[in-house]
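Colleague: Residues per chain, in single letters:
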Amino acid sequence: MIDVELLKRLFSEGKVSRREFIAQTAALGATAALSQSILATNVFAASSEPRRGGRLRIGLSGGSTTDTIDPAASNDMMNQVLINGQLGNCLVEIDHENKPIPELAESWDSSPDTKIWNFKLRKGVEFHNGKTMDADDVIYSINHHRGKDTKSPAKVLVDSIQEIKKEGKYSISFILKSANADFPFLLSDYHLVIVPTTSDFKDGIFSGGYILQKYEPGVRALATRNPNYFKSDRAFFDEVETLGINDVNARTNALKTGQIDVMNRCELKTVHLLKRMKGIEIIRQNGFKHYTFAMQCNTAPYNNNDVRLALKYGVDREQMLKTILRGYGSIGNDHPISSASRYFASELPQRQFDPDKAKFHLKKAGLTNTSFDFHTAEAAFVGAVDAAVIYKETAAKAGININVIREPNDGYWSNVWMKKPWCAVMWGGRPTEDMMFSTAYAADAAWNDTSWKNKRFNELLIAARAELDEPKRRAMYVEMQSIVRDDGGVVVPMFAADLAATSDKIGHGPVSVNWELDGFRAPERWWFKS
Amino acid sequence: MNPLASMISKRIMFGVLTLMAISLLIFVGVEALPGDLAEAILGQNATPETIQAFRTELKLDLPASERYFSWINDFVHGDLGHSLANGRPIAEVIGWRFANSLFLAVTTAVFAIPFAIMLGLLAAIYRDSWFDRLISITTLSAISLPEFFVAYILIALFSVQIPLFPCISTINDDMSFLTKLHAIFLPCLTLALVVIGHMMRMTRAAIINVLSSPFIEMARLKGISNRRIIIKHALPNALSPIINVVVLNLAYLVVGVVVVEVVFVYPGLGQLLVDAVSKRDLPVVQASGLIFAGTYVFLNLMADVLSMLSNPKLRNPR
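Those protein sequences? They're chains A and B, same order as listed. Quick note on the working numbering: the first sequence kicks off at -14 and runs consecutively. Quick note on the working numbering: the second sequence kicks off at 596 and runs consecutively.
Hints listed in this document are in silico derivations from the structure and should not be mistaken for laboratory results. Mixed in with the good hints, there may be bad ones.
For lysine-lysine, the following DSS-like pairs were computed, each having C-alpha atoms within a straight-line distance of at most 25 angstroms [said to hold, decoys possible]:
hint	chain 1	residue 1	chain 2	residue 2
1	A	100	A	154
2	A	349	A	377
3	A	84	A	216
4	B	654	A	187
5	A	162	A	457
6	A	133	B	654
7	A	100	A	440
8	A	199	B	775
9	A	382	A	307
Make a model of the complete structure from these sequences and hints.
Modeller: Shown next, in the form of structure tokens:
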């Protein structure tokens, strides 16, 4: 069902062009004048002209006093918005259409088998210490995440690189272990920020639009505009102040009283009240973040696909979306690919809550009286315990007996996830289907949390990676989504939207959905309206 | 030897022993928590190799006893060590936060303590009057409400409805002293509301207790005014319990304000301790734990010394 609200959202997120928007609203019976007025007011931000100046104050959840400025240690919003949104650049950037665009790289091309990638680097880029960027800096920065002794979580990504070769002062090539048509996406990962060879990764020297002046981990950072920034149409603020505010009420009050201009992670329970306030804009991003209930397919009883299907049919997605996410998200179809992705399989039928089918599969597995232990904790995602209880209640209608076990938040990711046969999991964004599947669904993936090994799926995964023909590639990814949906070890009840709020003085273009706050880039891409 | 001096030296010795015991308790406590720093920091992003790299670099793979003694060895040599999580020297991480914690505590104390004692005196003077009941009800309600609730009400009133004070107190070095005072007004008020009730009730009770003694009756028979009796004769004799409760509240103001720090985003020591425990950053936990314990030991010592000084019998034993 398409309505004007949805269209407005799609337009403000850049998924619908201006022309399509007007045509669609007209088709819905809205007059041309109305559609024009919507364009002029509600999504005015998307068309207001960027203006320089001012101090942007961002209040963020996701800062800790134990943070460091090392990109290899960056793991939550405060550092990500600081390092990726203000101080540094990657070789490749993801735009609002989820396409890779050049950043520190000027252009790239690959060998026909997509195993060798050549990157031409941008010339004349200056780091904050005055050094000019060249191939050595790039190699030094990427190697920070490779090798035996690295502590970087990005190690699993760059493991696919066999060798990095310097071809010239401004040219490098990556030789991959196996073909990968999506390799440029990988280089946009938020860890893979480029620093000068003189850097120890802790001094805050990067090439980005703002220069770090003060940094107190988890508390506050202050950065001022880099006058020599290589992008002329970005970094509009004079100064950016980043404040760590972990309490959601404190963030909301600070925004209401004008102490900050932007906040992330609105409280779902009260966001409808915030929306009504004058002078506040809510920014909703329907991205890649999703919740899964992961069953280990090598452990009984989850090694039986009938059990997995019974549990998939036993969850009421609509109710869970309504109760846990208050509608700020979309329902999942038991595979991890979001509707924001390029190759999302819209043709697959949506799996519904179906007590009869659940009963049928459970009976077929011969496990009608078994109780299934489901491990959960708030650390998995906010609302994971409530979600488990709702699941238990709806599944009971299908004769499935789920036993909810609440685990401690501390150490959840080390002691429960990947260890217990069935538990709640949260997955953040991955810009490509391949990165999502390779991270958590490939047979040999370090985080294959369902221990799922499907032969056809893994063949397709390798083949699709190297396929450059778009329709063929799409067909492969659609088949893979269908295999995960019908055979995989995950229940994917829902995708969660990211909610941020800004003062209405903030102007912005269509926002990227790959990460929170315009792909972490709010300080670089947004501006103050006059 | 002067009994005061001997008491102080004895107490300092016991204080040091207490701190040693506490450092061992903290270490054992953090060790008993599931997971270690590598797992806590990497979280969902952990792989066996990266965890191993972390442990080797930070020497987390050594046995617990070895790590404790190496820490104690550095500590007695005056080296607090470095934060495991971000490698910064502990003194640098903790110093300014402890100063902030003290700033908040001292500012609150400076106006809350005289105010509470005055209210207690007035309540004792006008005992059982409507005034006594009014302040009893008000202060008791203020302590009964959880501090975060008091904080949110104050924010709603004085920051959102009537925008007089900021709702987040993120003070930093670029601010002048007056701006800082303005910024911490609401957290100070919250804390004051929490501690005033306790101190006021104790002052009132202690004075009323003394008022039933024979020497007060004597003073009354001599025809001295009620006010003079309370201030001149009752208060000095009630000082000991009042000092104790004031000092106890002072200790609370320094070490027990994590909730208020979170609500007002105040960069104090409490938030650091919480983060450090959740990341298993042992040297930071140890240092902050010892600072907190040291504060308690020191303030308790102060309470005893002051009670002694306030009591001529203890001051000049014979």
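Colleague: Could you run down the list of hints and mark each one as holding or not?
Modeller: Tested hints:
no.: 1; hint: A/100 with A/154; verdict: holds (22 angstroms)
no.: 2; hint: A/349 with A/377; verdict: holds (21 angstroms)
no.: 3; hint: A/84 with A/216; verdict: holds (18 angstroms)
no.: 4; hint: B/654 with A/187; verdict: holds (21 angstroms)
no.: 5; hint: A/162 with A/457; verdict: holds (23 angstroms)
no.: 6; hint: A/133 with B/654; verdict: holds (17 angstroms)
no.: 7; hint: A/100 with A/440; verdict: holds (23 angstroms)
no.: 8; hint: A/199 with B/775; verdict: holds (18 angstroms)
no.: 9; hint: A/382 with A/307; verdict: holds (19 angstroms)
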